[in-house]
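Asker: Sequence:
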Amino acid sequence: MFENIIGNDKIKDILKKSIATKRISHSYMFIGIEGIGKQLFAKEIAKEILCLEDEKTEKQTYCDRCKSCIEFNTNNNPDYKIIDIEQDEKSIKINQIREMQIKISEKPIISHNKVYIINNADTMTIEAQNCLLKTIEEPPEYVTIILIGTNENNFLTTIKSRCTKIYFDSIPLNEIKKYINEQEKIDIEYEILELCGGSIKKAIQLKNNKELYNNINKIIEQLDKTDLVDILNISEILYKSKDNIYEILDNINIICLKKVNKNYKFSKCITIIEETKKRLKANCNFDMSIDYMVFNIWREVN
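Going letter by letter, the sequence shown gives residues 1 to 302 in the working numbering.
FYI, nobody ran anything at the bench for these hints, they're computed from the structure.
Glycine included, each C-beta is placed from N, C-alpha and C at the ideal position.
So the derived label-pair ranges between C-beta atoms look like this:
hint	residue 1	residue 2	range
1	Glu175	Asn73	25 to 35 Å
2	Ile70	Lys103	17 to 27 Å
3	Asp13	Tyr264	38 to 48 Å
4	Ile102	Lys218	46 to 56 Å
5	Phe295	Ser241	14 to 24 Å
6	Cys66	Met288	53 to 63 Å
7	Tyr264	Ser241	24 to 34 Å
8	Asp13	Cys284	43 to 53 Å
9	Glu53	Asn244	36 to 46 Å
10	Glu3	Glu194	22 to 32 Å
11	Lys218	Leu156	41 to 51 Å
12	Asn296	His112	50 to 60 Å
Derived DMTMM-like pairs: lysine to aspartate or glutamate, alpha-carbon spacing no greater than 20 Å straight-line:
hint	residue 1	residue 2
13	Lys12	Glu175
14	Lys17	Glu3
15	Lys240	Asp287
16	Lys103	Glu141
17	Lys160	Asp122
18	Lys16	Glu3
19	Lys242	Asp287
20	Lys160	Asp84
21	Lys47	Glu71
22	Lys90	Glu274
23	Lys93	Glu152
24	Lys265	Glu275
25	Lys262	Glu194
26	Lys278	Asp243
27	Lys262	Glu221
28	Lys201	Glu175
29	Lys165	Glu34
30	Lys265	Asp250
31	Lys107	Glu71
Could you build all of it, start to finish, from the sequences and the hints given here?
Answerer: Below, the structure written as structure tokens:
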């Protein structure tokens with residue numbers, strides 16, 4: 001268990017010990033930045049909890065041969081479910097939690113237990129969280145619920161107080177580079193990998209968009225020495241990157257943060273970028289928001 005997940009070895013030990021001693025919580029909260037393996041950890045725990053092999057030790061985990069494990073491997077285990085933001089929505093709604101509660105009330109079909117993972121749980125509406133609270137307060141003995149999120153502050157205090165909280169660390173840069181080199185079969189410079197902020201997911205995005213990030217990095221690095229005509233090239237690049245614009249803006253922020261020590265004006269650029277993200281999330285005109293951001297960043301440092 002956890003052999004194919006890099007980083008957070010202390011958490012692996014804690015969870016393995018909980019399994020070996022049969023001290024598994026009915027509700028967990030996994031907190032950490034996006035893309036560091038929280039959902040992978042949750043799936044491994046779920047598979048282990050559902051496994052029909054009776055005896056467990058810290059070294060022996062799910063058997064991978066019982067009916068539960070086989071059905072889990074093919075995404076057909078009826079005692080396991082992932083709840084996430086529905087398409088075209090921005091949050092997890094109360095109706096999703098109510099549907100989950102109906103299923104929770106039903107006894108397990110294959111396993112002796114049931115596991116529900118709520119991914120992006122920190123996007124749950126207040127109504128959804130209050131609804132979930134009823135289940136977390138008095139869960140059936142066979143149920144484990146795992147909440148996965150990046151922002152602990154978005155959870156109600158009553159939810160947080162009833163969960164076993166586990167905080168995930170960012171993955172060290174050398175481990176990310178090793179993974180990218182060995183698993184993704186590509187070499188990326190440390191300077192570019194620094195933009196991923198300890199996230200494997202962002203590192204893979206960087207790999208897939210290496211040329212894009214290289215171009216943006218070069219422009220930002222020379223921002224205080226570039227005229228307005230050249231800086232508008234960033235707008236052209238960003239127009240074509242609408243689908244992953246938030247990841248790109250996060251990476252521009254990291255570049256600016258690195259330059260703050262040399263030029264304090266870059267701190268204002270971070271504020272400008274954050275304001276742009278808010279406008280985009282409020283469905284303001286995309287191209288106009290990008291143009292406004294680029295112009296104001298350039299004006300701030302020149």
